[in-house]
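S.K.: Take a look at the letters that make up each chain.
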Amino acid sequence: MTDTHGHRPAAGAQPAAGARMPSARAEQPGAEPAPAGSAAAEPEAAARGASGGAEPLLDIVGLGLELPGAARPLLADVSLRVRPGEVVGLVGESGSGKSTTAKAALALFPDGARPTGEVRVAGTDVLALRGEALRAHRARTVAMVHQDPRAALNPVRRVGDFLTERLALAGFAGNRAAVRGRAVELLAEVGLPDPARRLRQRPHELSGGMLQRVVIAGALAVGPRLLLADEATSALDVTTQAEILDLLRTVRREHGTGLLFITHDLQLAAAYCDRVLVMYAGRLVEHRPAEALFTDPRHPYTRGLLECSPTLDEAAAGVRPIPGRPPSLADAFPGCPFTARCPGAEPECERWQPRPVPLPGDGMAACRRLAEYEPDGAESGGADAGTDARGAAAGAEGVERAGADPSPGPVAVSAPARRDAAPGPVSGTTEGGAG
Amino acid sequence: MTAHGPVAGPEAAGGAPPVLTVDALSKTYPLPGGGRLTAADAIGFTVPRGGSLGIVGESGSGKTTVARMLVGLVRPDAGTVTVDGRARPARPARGRAARLARAREIQMVFQDPYVSLDPRLTGRQCLLTALRLHGASGAAAEEKAERLLGQVGLGSREGAARPHALSGGQRQRLAIARALAVEPRVLVLDEAVAALDVSIQAQILQLLGEVRRETGVALVFVSHDLAVVRHITEATLVMRRGTVVEQGPTRSVLAAPVTPYTRALLAAVPRPGWDPAAALRAAAPDTP
Ligand code: SF4
Ligand code: SF4
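Sequence order for the protein chains is X and U.
All residue numbers in the first sequence are consecutive under full-length UniProt numbering, ending with 435.
All residue numbers in the second sequence are consecutive under full-length UniProt numbering, ending with 288.
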């Protein structure tokens, strides 16, 4: 993807000599892709202990990013994997670091930032790439789809020129007719009606949804192993969003592409992805199979996000805002970054260095009070969580879930123990506070 | 809300007359190739005092055109907007007094508060300017500015900051405070929470609920987001290509939609167990 958003733009459209024949299919990962249809194809253990399954397309380990002058790291201890055919959601509010994390797959970092840790794409150490190898990586292995397709397309050039350029970038060999034929194929693949005519059109003649299809066709032109979708459907109407999401699912099924799906919308991520990671202040706070996020979110921030997102569900309680605001880069945190907004914060939280606490079954959450809310405590955290939570747990073990006494029951979110205004439904039609 | 009929309003309840009555509002635009685009076709609804009406639709539905006609940013081809029994003239008001009176009827909050805030003024100055224009002065104005800042949850530090130094959520709070400064009868919000972080969006929704209860201002909430509309409105209008396809109490429109288009919109909203392909199949037979 021509990276119009990157801090360091990828090199110009320089078709690398001797490039492979980039028919998307020829690029399929050799290892058998995970059966894409099954949702929880390879839900990976949070602590990343899990091995086996196909080689990850994206493997980020302990990624940190320091920016001179910032009060806190842009990213701290971020680890995530995307396997072939997998859709992994990365969710957070502004400043959470979700886009910064995604761009690490392209080795695109803000000027002056120093990355630490590991970023591997299809086995290649991306942080070590330089020069032509880096350009080739950015041009062919990973493709990015942004929120605004117009930013990715030159307004005065035709759709056909854009695709031709993309194909050249991928080293597509062939005469004009062959290039044209392949471009038509690509547009048909992304579901644009009348593809031959589209080649002659300019961006302003197409709707936002159609343009996003063109951008996705351009991504497919290079046969990428990994697709990064950064708020790729956020600006679209809901019905168009459903179309693009359906298309992306088809792409990963047919090409075995891994998809990292970056969004601010937790409901959307949990509905669409196989696994979801939630970020806050440059850190991962929770990592779960998608269904588990709806039924049993564990980190107080994840719970807060779900509670403050309005839903169509008749039975849902009113929205309950999280007090305060998402942290900026000027906010530093000696301990858990969510302390100031967390209904369950204790003085110890301000000193607790966040780390992933494994959850039984699958996933992790970075909260020191997690063990206390474990339905039947035992297997949850192992030694790690146990020791951390011990001080605070003191006798609270397992009681608060019953919800009888809301006063100390911060993480038992159903209790209306909020420090801000009354939690009544916004509509005001059902007064009475009981949530 | 007791109305069950197709029209949102208190008639069914037999209560006070509506604060806002919109009747047969229409607007067309010439198309480049000839012909005209119907942006709004005979739109009509009422909103009671302290009531809240949602206008939902996708891009091109005409919902923003309707919002703009309400405040007078777009002049309708036909139809009337009546506030408290007084019809608003279609032409822009002439003369200061008429302009101010008009401003006190309907105020608007935009998606991007930048467009309505003067970058040179601090939050407090911005409120004071509006208050003084509308006749408050001296200590009374100062006091009211403080009260407004408090009402929208801005502290004295934010009150002393200029818009660029505020976060998106704080700017939107300021825009709401400025709109409220003139004590309008109706507040029109055009995608006013769409650009905010989820946690901040919830704060603003809660704020609007409080404001409505405390001041009795009526809300017209224009949004693409059905879930948000469900939470903040009692009546809903679903628009498509300039026409109203469905209209009624929010609860019934969103829980038991009668038109295929509303059903398709609802099916496209992600939720647990949601499958985009299934949502599209559900929509396909009826929505060309
Ligand atoms: S309980 Fe403590 S550690 Fe857990 S999220 Fe809240 S503040 Fe952080
Ligand atoms: S002060 Fe504000 S509301 Fe009053 S007329 Fe001027 S812009 Fe309109």
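Hints listed in this document are in silico derivations from the structure and should not be mistaken for laboratory results.
Keep in mind the model is a prediction, meaning the values are calculated, not measured.
Please note: incorrect hints may appear among the correct ones.
[What the hints assert, rightly or not] One-sided excerpt, in silico: chain X residues whose CB lies under 7 Å from chain U:
(1) D148
(2) R150
(3) A242
(4) A271
(5) L305
(6) A315
(7) I322
[Stated by the list, open to error] Derived contacts from chain X toward chain U, CB cut-off under 10 Å, selection only:
(8) E66
(9) L268
(10) A269
(11) G304
Backbone N, C-alpha and C fix where the C-beta goes; we use that ideal spot for every residue, glycine too.
S.K.: Hint compliance check: list the failing hint numbers for this structure, sorted ascending.
M.R.: 1, 2, 6, 8
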